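Chemist: Sequence:
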Amino acid sequence: MSNAVHWLLELNVKPGKLDDFLAVMGDMIASTEKESGTQIYEWFFNEDKSVCHIYERYADSAAVLTHIEGFGAFAERFMDAVDPTRFTVLGNPDAAAKEALAGLSPTFLGLEAGFAR
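Each residue of the sequence shown is one higher than the last, beginning at 2 in our numbering.
One or more hints might be untrue.
[Claimed, not checked] Under the rule of at most 35 angstroms between Cα atoms (straight-line distance), these lysine-lysine pairs were calculated in the DSBU-like manner: (1) K35 - K50; (2) K99 - K18; (3) K15 - K99; (4) K15 - K35; (5) K50 - K99; (6) K18 - K50; (7) K15 - K50.
Bear in mind the hints are in silico, worked out from the structure with no lab data behind them. Note that the structure is predicted; figures quoted are calculated from it, not measured.
Kindly produce the complete structure, drawing on both the sequences and the hints.
Modeler: Pasting the structure below:
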């Protein structure tokens with residue numbers, strides 16, 4: 002079974018904060034691109050860019066922890082620009098990864114069956 006951990010973070014962009022959010026998005030993508038355990042890191046917007054969904058996939062719980070550590074440099078700017086509305090974590094993260102993600106009150110859905118290529 003896969004050790005990958007994925008999530009979908011759903012956000013509302015705060016009024017007047019789109020430019021700030023786009024700036025921090027660019028900085029976060031540039032930083033995350035250097036993380037070897039990050040497999041997918043994609044940001045999706047609705048038409049008026051008031052809603053953003055971020056889909057992320059990590060090789061394993063250790064890669065999640067590496068990413069969370071790096072996120073600290075951006076957390077204040079990120080949270081100043083958005084209101085999280087839903088955070089769904091997919092896979093079987095270990096206890097340390099679950100604890101690191103707990104601040105956004107995620108729903109955890111464990112991998113039961115299937116495959117990835």
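Chemist: Check the structure against each numbered hint from earlier and tell me which ones fail, lowest number first.
Modeler: The structure conflicts with no hint, since it agrees with every one listed earlier.
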